[in-house]
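Engineer: Single-letter residue listing:
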Amino acid sequence: MTRQKLLARVRESRLFWPLTALAVILLFDALFAPGFFRIGIIDDPVYGPHLYGNLIDVLNNGAPLMLVSIGMTLVIATSGVDLSVGAVIAISAAMGAVLINPALGDRLITNDILTADTTNTPLPLIILADLAAGTLCGLWNGFLVSRARIQPMVATLILMVAGRGIAQLITNGQIMTIYYTPYFWFGNGFILGLPVSIYIVAGVALLAWVLVRKTALGLFIESTGVNARAAYYAGLDERNIKLLAYTFCGFTGAIAGLILSSYVHSSDANNIGANYELDAILAVVMGGTLMSGGRFSIVASIIGAMVIWAFTITMYTFGVPADALTAAKAVLVLLVILLYSEFSQRLLGRWSLRKGPSHDAAH
Amino acid sequence: MPIAKHLAQVSLVLALLPVAAGCAPATPVAQPTTAPAADVKKTYADMVLCYPQLGAESDWRTANTASIKETAEQLGIKQLVFSDAQQKQENQIAAVRACIQQSVSVIALPPVVEDGWDAVLTEAKNAGIPVIIVDRSVSSDPSLYASHIGSDMVLEGQRAAAEMNKLLPEGGAILELSGTTGSGAAVGRAEGFRADLNANITILDSQTGNFTRAEAKPVMEAFLKKYEGQFQGIFVHNDDMAIGAIEAIKAAGIQPGELKIVSVDGTRGGFQAMADGWIQADVECNPLLGPQVFEMALKLMNGEPIEKSVLTNETVYYPDDALELLPTRQY
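Those sequence lines, one after another, are chains A and B.
Numbered according to this note's numbering, the first sequence spans residues 1 to 363.
Numbered according to this note's numbering, the second sequence spans residues 1 to 331.
Don't take each hint at face value.
Said to hold, decoys possible - Ranges between beta-carbon positions, derived for each pair: (1) A:Val10 with B:Pro169: 57 to 67 angstroms; (2) A:Ala324 with B:Gln230: 15 to 25 angstroms; (3) A:Ala132 with B:Lys125: 50 to 60 angstroms; (4) B:Asn200 with A:Asn120: 47 to 57 angstroms; (5) B:Lys125 with A:Pro124: 53 to 63 angstroms; (6) A:Thr20 with B:Leu323: 47 to 57 angstroms; (7) A:Val10 with B:Asp196: 56 to 66 angstroms; (8) A:Val10 with B:Gln230: 38 to 48 angstroms; (9) B:Pro169 with A:Ala324: 28 to 38 angstroms; (10) B:Tyr227 with A:Leu27: 18 to 28 angstroms; (11) B:Leu204 with A:Arg213: 43 to 53 angstroms; (12) A:Gly35 with B:Glu90: 38 to 48 angstroms.
The set of hints was computed from the structure by calculation and includes no laboratory data.
For clarity, every value in this text was computed on a predicted model and none was experimentally measured.
Beta carbons are placed, not taken as given, at the ideal position from N, Cα and C, and that holds for glycine.
Isolated chain B, as found in the complex (with noise of 0.2 angstroms):
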């Protein structure tokens, strides 16, 4: 949708505009990170950072853009270059291609899906241009891009079975709402969820629900008829999509906890869900990756070394806690 695409450039061009011209003049606001005194050494008042955000999918994608936008605020750098790609890897790559063309400083890239980033990715490297992967992976060769920040979607997946096993000790069976076809995070999950599950827990079926609400509730809706009383457990990729599962699950009056939920994300709303009981684990994933993300980028800039990844500290919530930390939740 060319002019829907074009509508939403230009409303980012006038709202870039008074931050840009805000900070032009000024010195940079605020500087966390030790500025060394050095001249030759950029800061971030000279920092033009690309985020070709893949879409706005789930509360988690806002919680991470808000993140990236505030903290490229605070810090005062010179220009973010944002576009919402809305999860179609052909928008994401033309993004990346007019970053680019700007020839932008640094380029962090949420990749939709894992495979097909080769060509864009050397076009970067050809350009000059460091390009940090953040939140999901990519499948492409490690000297393409310099950094990858996120979370270890594999290990994440271990942790959600992990839960699954304490759930079901006598085992049983589940069911598995599973996110974007193709997804580093689907992908990642899927994988470890399988390594780590008991033999004596078998997975009946699994459907994708995009990571959003609206699919996961029909197909939740589904499942409920087609398996009645026959699963146990439902793991389900992120806390978007087991809303909206505990939606259909509501509409057939099964009361919380009969059905063993263990989901991903650690959102707001996944912690309203296991205050009143529907989700009895969620393994943590954390969105908020701007200052990480703007740190590397200036390193990245002065050509200080960075490590090849970085992993975010995650852990895994349970509802014993989840009415007492609900309030210090950030997103």
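One chain only, chain A, in its complex shape (with noise of 0.2 angstroms):
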């Protein structure tokens, strides 16, 4: 193979641009903020010797978001879009957070439930409720689209206005502080050094990746994406594929609910996972999976989330205040959207075509 067809290979592989956009903020850290790469050791009293570092922070606090955008993937490719992940993912942890302990929602926290560190619930019971919750809001999701045939924009909407409802309705409109040790191993525990929520992205993604490659359920969804009548024409059920992806994105939101309440030890029915829906999406997009549908890649989505947290923890690290991050991260998402143009592709195209016609020529 000629240097060049290498070349155009790697530039045409879907985890080119999230790994170069990814690069480049790394590199922009490296310049300017020397220390941003230093990992340390340190031994935890709670949880054992473990990394630290903006990196593994990247990943841990990434992780929800990397959760997310595996189902968001799936739904995108069948040429939807699930809104309602935020609000999912209010709801688990509404779940949750009301299952350990369900004085806290109205009453004052007394000192025994400050102390104590029990639950009310089991913590396996707890993960199921709080799996099935969101799980119930991805089948919701795709009975709206598939059976009811909503528009996914539209059949999600009402999800994403609802959940944040249905949450505060769970916790009694309170922010409900999270007592219970156990709990906060999802979101603060390591394995190996490796934070705990790494190890649920490894898995989620794993389980993914076997339903669609090692089965023809990818090709379905690329399928119905493609063109949703002329897969049902060809004999798939385009309507079950649909159910299948929306509800494995609500399952997704559920884990990452339950992720990012351990995280901060506490439910926030307004505030947690607020704009993950739309992060998401980004992530999916920069993974050069089309709004459209079609083929998608489920690790380039997941480098994509790691673009965006990369960039957050970059941005804390200079001191962009949380309110600004949104602006600055709309010119991250102008940049990569505009790469990803016909404009710029051609642009491209010509580049390395000036540069090596007679590589070109000699095939």
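Could you fit the two chains together into a complex? Lean on the hints.
Structural biologist: In structure tokens, the structure reads:
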């Protein structure tokens, strides 16, 4: 294979652009924030020795978004979109907080609660209830899209708006603080020096990968996304494929809610997972999956999510306040979208043609 | 989010129904203040109080909400119109307008930010509804509202500075986690703190954590890496952010007491953190304003003279007393 062809293959790879974006952000850090890459080892009294540094934060803080991006990838690949993931996160977090201590909602915290470190529901049950709530939300979205034939944006908008209200009702409109140490493990714990959340992401990504790449499901999703009607005439029940994609997206949102509420030790129905739907869509788009559906890459979406968090933590490092972050993020979005646009693709194509026409001609 | 708001309102109405039904036929259950015998005098049973709570961002706020609701129930007032603005001023202004439409007796407003209240306060004044500003302050002309009940945020900042001066007698560098940008609490605490801080202590950096754990934690994580070993203390504008920041500090392998942390609020979570050795001084900010608010509201309804500004009596707590006082904390 000629060098030119190799370059072209690299450039056409789905991972090329998200990896480039990540590299650019990290290069920026390397130049302007020398301490950014420092990684130390810390012996935590609770979780044992573990790695510590900005890069670990990118992984740990980014984990919920990576999870949601996996689900969102499948939904977008069917040419849909799920705007409700932020709300699903809130519902899942609210469920967890309420099950741990139902008294915290409308009453003042008493000292016995603060010091007791107990839960009203066994932890496995809490996890099951969280996952069930999120999956049910996903199923609802899937039902509206596949059976009621409502446009995905409208169908999931319903839960996006209602979901935080539901979470408010569950928690009685209050921020519920969680005082139960084992629950904190998901968002703060470590296994072999790396955050627990990263293993969860790896597990879910593996599950999704096996589902879509080791079975024909991935192909079904792509064909549904490219042309649902054609898929139907080809003998695919595109309705069930959509149902599955939305349900899976709800499932990933539920896990994200669990990790996020564990990370901050509380459930705040208003703010937890705020704008995650938009960040997830952005991550998927950065991963090269088209909003019109079709070909998709789960790994590329996960890297897209990492780009967003690497960027966020970079901005924190440079002292950009949280409120102004969205403006900076918009610049990132603009750059990425421009890179993907036909205009820049054409420019790049022309540039590589000019550099090595002889190689192409030889072929 | 209109639907979410509607849901909240519906649930609020449902929640209030039994209270209203329970109180209407019977005489008020308890009247702690000496209710005058004269018939013309209005009592708590006539009171419709509007409390557009600014949100539910911290344990302090939860305690404040609980105090208002519990006091309303104890006094047996006619109706408490309670709403939650979810930390958004436009929601709060809408809630105040709705209360003006309902012709409530008194509006008690805990403003989410300082500025931008002139229009709606003027509307309330024109409608003849007195407004009590609760907790955080407003920048509007004092003639537009009846009174301000709350804490002196500047004084809290000054007290925090005095503590930091004591903790770092040799001077040093500190970081600041500030509250919601533009809120009376954040502005006042920052101002008071800077006014009284010793010249040999420098504030390396200041960022907002919006008074919540969720936002304070990642900000502190980034701070810890950026200023590793360069700072000796942190001034945090409330206990919830302090708790979020302590989570990040713990993960960095720092031992309790290595960093001097001064916080504001004195919530139970803050006391626990003090008992554990993380917070060295906690400036009190009392959220249990219910009794004061209702007492003043009744005076306003009866046209009795009131003070323009009522400051709550507050103190500073230290780790030595924390364990002992912890069981007595109500919030």
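Engineer: All hints, please: hold or fail.
Structural biologist: Taking the hints in turn, this is what the structure says about them:
1. A:Val10 with B:Pro169: 57 to 67 angstroms: The hint (57 to 67 angstroms, Cβ to Cβ) holds, given that valine 10 of chain A and proline 169 of chain B are roughly 60 angstroms apart.
2. A:Ala324 with B:Gln230: 15 to 25 angstroms: 24 angstroms, holds
3. A:Ala132 with B:Lys125: 50 to 60 angstroms: 52 angstroms, holds
4. B:Asn200 with A:Asn120: 47 to 57 angstroms: 51 angstroms, holds
5. B:Lys125 with A:Pro124: 53 to 63 angstroms: 58 angstroms, holds
6. A:Thr20 with B:Leu323: 47 to 57 angstroms: Cβ of threonine 20 of chain A to Cβ of leucine 323 of chain B: about 55 angstroms, so the range 47 to 57 angstroms holds.
7. A:Val10 with B:Asp196: 56 to 66 angstroms: 60 angstroms, holds
8. A:Val10 with B:Gln230: 38 to 48 angstroms: 41 angstroms, holds
9. B:Pro169 with A:Ala324: 28 to 38 angstroms: 36 angstroms, holds
10. B:Tyr227 with A:Leu27: 18 to 28 angstroms: 23 angstroms, holds
11. B:Leu204 with A:Arg213: 43 to 53 angstroms: Holds, at about 49 angstroms.
12. A:Gly35 with B:Glu90: 38 to 48 angstroms: With Cβ atoms ~40 angstroms apart, the hint holds.
In this structure, every one of the numbered hints holds.
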